[in-house]
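A.B. asks: Given next are the chains, with one letter for each unit.
There are 4 protein chains.
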Amino acid sequence: MDYVNGPGRNHLFVPGPVNIPEQVLRAMNRNNEDYRSPAVPALTKTLLEDVKKIFKTTSGTPFLFPTTGTGAWESALTNTLSPGDRTVSFLIGQFSLLWIDQQKRLNFDVDVVESDWGQGANLEVLASKIAEDRSHTIKAICIVHNETATGVTNNLATVRKILDHYQHPALFLVDGVSSICALDFRMDEWGVDVALTGSQKALSLPTGLGIVCASPKALEASKTAKSVRVFFDWSDYLKFYKLGTYWPYTPSIQLLYGLRAALDLLFEEGLDNVIARHARLGKATRLAVEAWGLKNCTQKEEWFSDTVTAVVVPPHIESSEIVKRAWKRYNLSLGLGLNKVAGKVFRIGHLGNLNELQLLGCLAGVEMVLKDIGFPVKFGSGVAAASAFLQNSTPLIPSRI
Amino acid sequence: MDYVNGPGRNHLFVPGPVNIPEQVLRAMNRNNEDYRSPAVPALTKTLLEDVKKIFKTTSGTPFLFPTTGTGAWESALTNTLSPGDRTVSFLIGQFSLLWIDQQKRLNFDVDVVESDWGQGANLEVLASKIAEDRSHTIKAICIVHNETATGVTNNLATVRKILDHYQHPALFLVDGVSSICALDFRMDEWGVDVALTGSQKALSLPTGLGIVCASPKALEASKTAKSVRVFFDWSDYLKFYKLGTYWPYTPSIQLLYGLRAALDLLFEEGLDNVIARHARLGKATRLAVEAWGLKNCTQKEEWFSDTVTAVVVPPHIESSEIVKRAWKRYNLSLGLGLNKVAGKVFRIGHLGNLNELQLLGCLAGVEMVLKDIGFPVKFGSGVAAASAFLQNSTPLIPSRI
Amino acid sequence: MDYVNGPGRNHLFVPGPVNIPEQVLRAMNRNNEDYRSPAVPALTKTLLEDVKKIFKTTSGTPFLFPTTGTGAWESALTNTLSPGDRTVSFLIGQFSLLWIDQQKRLNFDVDVVESDWGQGANLEVLASKIAEDRSHTIKAICIVHNETATGVTNNLATVRKILDHYQHPALFLVDGVSSICALDFRMDEWGVDVALTGSQKALSLPTGLGIVCASPKALEASKTAKSVRVFFDWSDYLKFYKLGTYWPYTPSIQLLYGLRAALDLLFEEGLDNVIARHARLGKATRLAVEAWGLKNCTQKEEWFSDTVTAVVVPPHIESSEIVKRAWKRYNLSLGLGLNKVAGKVFRIGHLGNLNELQLLGCLAGVEMVLKDIGFPVKFGSGVAAASAFLQNSTPLIPSRI
Amino acid sequence: MDYVNGPGRNHLFVPGPVNIPEQVLRAMNRNNEDYRSPAVPALTKTLLEDVKKIFKTTSGTPFLFPTTGTGAWESALTNTLSPGDRTVSFLIGQFSLLWIDQQKRLNFDVDVVESDWGQGANLEVLASKIAEDRSHTIKAICIVHNETATGVTNNLATVRKILDHYQHPALFLVDGVSSICALDFRMDEWGVDVALTGSQKALSLPTGLGIVCASPKALEASKTAKSVRVFFDWSDYLKFYKLGTYWPYTPSIQLLYGLRAALDLLFEEGLDNVIARHARLGKATRLAVEAWGLKNCTQKEEWFSDTVTAVVVPPHIESSEIVKRAWKRYNLSLGLGLNKVAGKVFRIGHLGNLNELQLLGCLAGVEMVLKDIGFPVKFGSGVAAASAFLQNSTPLIPSRI
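For the protein sequence lines, the chains are F, U, P and X, in the order given. Read in the numbering used here, the first sequence has 79 at position 79, and its numbers run on one by one without any break. Read in the numbering used here, the second sequence has 349 at position 349, and its numbers run on one by one without any break. Read in the numbering used here, the third sequence has 99 at position 99, and its numbers run on one by one without any break. Read in the numbering used here, the fourth sequence has 27 at position 27, and its numbers run on one by one without any break.
Read the hints as simulated data drawn from the structure, not as lab findings. Computed from a predicted model, the values in this text were never measured in an experiment. Honestly, I wouldn't trust all of these hints.
Copies of the same chain are indistinguishable here, so a pair counts whether it falls within one copy or spans any two.
Below, in silico cross-link-like pairs of lysine-lysine (BS3-like), each with a Cα-Cα straight-line distance of 27 angstroms or less [unchecked claim]: (1) Lys378 x Lys295; (2) Lys242 x Lys340; (3) Lys324 x Lys52; (4) Lys371 x Lys104; (5) Lys283 x Lys344; (6) Lys371 x Lys161; (7) Lys52 x Lys104; (8) Lys226 x Lys344; (9) Lys239 x Lys300; (10) Lys161 x Lys344; (11) Lys300 x Lys223; (12) Lys45 x Lys295; (13) Lys242 x Lys283; (14) Lys242 x Lys324; (15) Lys295 x Lys283.
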């Protein structure tokens, strides 16, 4: 059943799918159920209420689509926009590129603002575009909160400030796939109109839920949006929400109970503590990279991502060899460099249900792989830098005090 | 974690989602994995090869979408047709109705052929439409193999005969959601162009895979089909098939291993034996219904379904009360009557990983519920009719001989 | 991995091991833990407190041995008695026979009171022995509450009455393996000195816990009992109870969490409701046996067991053929006749986490097997008799009202 | 359900119970089964055959007791010896002490050979005792292969040499609890008469199986051994082996399937590779300890254990504080110092299904805890020493080459 067993645990450090906690595996270990019985709506009701908390919204309406992040993107766009609508979109890495590609294929008029891979979204260009757009031809700003390919986190608060400054009515659509439940995200405070994530990222579930949250303004927009949609249509969900049965088609019973367990774990730890833990692990990773004498693909500190670090390798090294060897020798799964940075970076995902010692094991593994591949790393250097920081900043586990 | 516990097993007899065998639950009880490592493509390759067997095709190309049956419908339609294209579709129950609704919302010109709920697709009307359509305005025939709402199985071989007789080039699109892996289905022999099913039906998995299989002719059509699609686009998959990495976006690791286990179980039993088992359970159910003095919603024997039986209740009984009481008192999950037959029928699903004694337990339960609700059933009558047939027709379990 | 797969669920109707509810399987689906961390003692403390409730004792001291029922027997005997001590033991079937054999091998002076298999313990003989024993040579009465081989339940209250009547100080040792958590059992009220059960019986766990509960008088006896014991010694446990670490050697982490889940389920249903459910299922089974025209191995109603029914087959039938065929053709696991009743009875276990429809499925299966084997059963007859009773007596599931 | 959740994985580095691989968790995730059906004997037969391989015996007879290591000890002793028999036993740490205590309580005449804790068994004393014992009053040599409390591995080959040299017929009884499946162990070559282990150690299963293997000489001895035994009696097992049903009482179905999966994993990796992996991890751990400037409790290299390292802390540090803090802050489970070395050592278990990066994560954690507790460790020092060795010696994972 397993195609390539190795002794011991797999060390999963791709930036998604991430490690599933045992509590969630247990919750999902169950037979199917009739989703039309009273039990599933009762469960769904708690999920819809609680999932809003991970978006930090009270006014938003969440949808739990049986799909992936790519499907969640499509749902966000087709429910709010009409063919030909102008969007401003930021191309800063592979995932923003794919979203832009989707926007084009869905027939929007995409105004692409490109940055070097390793830089954040160019918000100055956004400001000038918004300033110029007095006739409000821009219907939506589409931005990836955290570009998973380069480890770049964009400043969403600034986007909102720009829109507010010019009193521009454009919708604010955010891909929070590798940020929500891990980075500071404030849907209501930042006036985000649609935010979305996927279950296999910081929620630490299997792939299979595309979670989309719509502001009242986005819901209003959906009434007139002309993009064709059926599977991803919010209106079918809203109809069943009113009926109290919630599901226009069959949900995954296992993922619903898994989501319940995942939310319970997040709330038990405290969402702010979860975010602080990601900040701690992100910082520790960056300190290790620095100690190794390698460069972060992310070019400025303001964009540093606390969920994924893309590490630039020296020109004579092919980064995919690092990824391959890590898996073949140490049962360590690292992220490949994608597209423009293929061969040039490898990525360490540090998101989801993860703790300090798991990360340190990964960092020790990276050191060995670097040595394997011919890079003159000093053993223990990255681990030492990370440990010194973590030993100073890690709190006691609250339930064990 | 469980919202409404009851002692003992839940008796799951809705026509999907169905019971998951322990072997499949075990296979899915696992952490996430990096889907870009060599292990997942190696697994995927075996799945794509083996999944063709459940469609009985050698020339088809399968797609494992992270979606539900509704999404699989959308994928079948948008990859093969263009807005405005004329489809002939048969309205015979709730699920064909929903598919027709989707076809309309996707802007096809749907030529609806309606039958009474309880009857099969009117293929005479189809024949005359095809005969008249010398200019080939009809681009696709859309038909539900087994209408889950009424327990009606359509004759697909006849559809093919009609098309062949008139040498009509219309695509032949089949919803096999509640038939594939349970009823006799022959993609290649019947010249089906797109067939699809969902993982939570006869495959006995959780919800989450929409499995679509395209004939060479359908693949050819997808090159010119103008319907907008991104998430459901076959071309993205085909691109990654060529690369040998298979996945344009993140699959569910758990469902892939689950599918592997489900296929292994099906092949171990033998697909023809599986189909014979469904025939046996379907017949037994119908004999019970007859013994109770109740009517099958399906009006003619030629349409009897071996995966679901819709039972008509006398006018003074509200069928949803039966479903409610079955669940509340006996932990028995039956299917509601939907839409036109709401309140008039209840449904017994008898598909997936199920055996004779499970069905007999259900039938005994239905007898008690009927009594509860005031219908003068004779205790044991349905069970006796079913048992007499089953005792005569059930083979020994091959692995235990 | 599975040696003899068959389609659908196995119908497990041996009188143990019994069906494990999904909630318990989930609770046990976990990695090992350090049992010396604070978490395991915290869990153990709740278990020791709560497990007393299933014995209906407040003054007893429970022990959770990593063993089976056979080990629990040995623990009960060796901690309370010395070699040469006289016990009165009742031989009424295979399991009481095995316990007596153990008593002899442990060098006690066993005074065996034998009954026909199918009869209960002869308490009149006990009364006369106790009456005669003015010098108190009898150190312990050893009695199986429910003889699993014949489906006979003994009257423990009468045993206590006899001892009290003669003010006899003999210890009262009870095998409650197939009774506790299923039949009415009252350790304190009946003055039982040691009671024991196994996890794989009515608690519905895997095999692996021998649960022994000792009265203050039994604990007192253990201080002077001279039987050699180490693994099964209570004193090691008591030492660690005092330390608050609870375990003299490594427990099964999985079974501890499983026991927690099993107890939670029992208390949620209500122990008295659980007992009533067993009474209902036992009665229904006996009505079916009667309807088939077969005889219960248990000779008088006062001994009828609500956890297992031994069914006598006609002389020309070999009962093991029934068991074999049930498994080979219908995936139904019935209990064999053992020892003196081998070939003459088959057994239906109806204990643990089980509901009405599961039982009816089993009864329908037995009818088919009887027909297979040549017994002229009327199809549906047993099911009808059982259903008529169950439809009249089954309460609504409280959590679903 | 979980008493003290922390984010991320628990790092389980006690010397048992150890991490269970996912493959084994999956295999055990199942309902109970009738152990009298043909399936369980078929499975058992393969287990008894294959379990001999982990003892490196072809002539031994294995027993799978539903018990712990303590029970396995009792089974080894009571089946081969009679009360009053003289045993030579080596007291070198807590577990050898407990076994000696058991031997005394079982009424053997124990000739204790004591060493300082941190030293191995004094085999010179053994040699002189054997030399002197011309009348063969010594009936058994009882030795712990690997003392888990101090991390000391004894030289079993030398024991055999001594016995052979003097042609002494004493039985050779070995506790292999923390050695078998991890250290080089050769039952047949070394003429071991009884060897035993527990499932929760290097086999990486839950607690619950005490696996005992008896040589033909030991089986012969069991025929005349007068120690009282019932639950632990080999003769009951041998009787059922002959019948082909294998079980004198109910086994744990889950552990049987788990053992099957555990053995499959061991054989897939190759037993010698498993032993080499333990050697690698043991050496890496010792290099780290040295780099930290701490001392190994084990006083000579010849006794170094590859499954557990007991680390001596400076006098001003209380080692239990290290263990406590590791768990409370870093979710790291280390072993306490026990009895004589309580407060003085902490232990790192490095046995079972474990790989290099898991160990390095643990070592990095120990560094942080040492700092927490006031010991001036240099961050990264131990990890560097271990990594340098591991990077040089770790093979590629064979299935991934």
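A.B. asks: Regarding Lys371 and Lys161, is the shortest C-alpha distance of 27 angstroms or less found within a copy, between copies, in both, or in neither?
C.D. replies: Answer is neither: 46 angstroms inside a copy and 45 angstroms across each miss the 27 angstroms cutoff.
A.B. asks: Using 27 angstroms as the alpha carbon limit, work out where Lys242 and Lys340 are close: within a copy, between copies, both or neither.
C.D. replies: between (47 angstroms within a copy, 20 angstroms between copies)
A.B. asks: With identical chains treated as interchangeable, where does the CA-CA distance between Lys242 and Lys283 reach 27 angstroms or less: within a copy, between copies, both, or neither?
C.D. replies: neither (45 angstroms within a copy, 39 angstroms between copies)
A.B. asks: With 27 angstroms as the alpha-carbon cut-off, assign the pair Lys239 and Lys300 to within, between, both or neither.
C.D. replies: neither (46 angstroms within a copy, 35 angstroms between copies)
A.B. asks: With identical chains, the pair Lys378 and Lys295 could be close in the same copy or across copies; at 27 angstroms between alpha carbons, which is it: within, between, both, or neither?
C.D. replies: both (16 angstroms within a copy, 25 angstroms between copies)
A.B. asks: Between copies, within a copy, both or neither: which fits Lys52 and Lys104 at Cα up to 27 angstroms?
C.D. replies: Neither, since 30 angstroms and 33 angstroms both go past 27 angstroms.
A.B. asks: Could you figure out if Lys283 and Lys344 sit no more than 27 angstroms apart (CA to CA) within one copy, between two copies, both or neither?
C.D. replies: within (22 angstroms within a copy, 35 angstroms between copies)
A.B. asks: Treating 27 angstroms as the Cα threshold, decide for Lys161 and Lys344: within, between, both or neither.
C.D. replies: Close neither inside one copy (35 angstroms) nor across copies (58 angstroms); limit 27 angstroms.
A.B. asks: I want to check one pair: Lys295 and Lys283. Are their C-alpha atoms no more than 27 angstroms apart within a copy, between two copies, both, or neither?
C.D. replies: within (14 angstroms within a copy, 33 angstroms between copies)
A.B. asks: One pair to classify: Lys371 and Lys104, alpha carbons no more than 27 angstroms apart. Within, between, both, or neither?
C.D. replies: neither (43 angstroms within a copy, 55 angstroms between copies)
A.B. asks: Reference check for the pair Lys242 and Lys324, CA-CA at most 27 angstroms: within, between, both, or neither?
C.D. replies: between (50 angstroms within a copy, 21 angstroms between copies)
A.B. asks: Tell me, please, which holds for Lys324 and Lys52 at an alpha-carbon limit of 27 angstroms: within, between, both or neither?
C.D. replies: neither (39 angstroms within a copy, 31 angstroms between copies)
This entry does not satisfy hints 3, 4, 6, 7, 8, 9, 10, 11, 12 and 13, going by the numbered hints stated previously.
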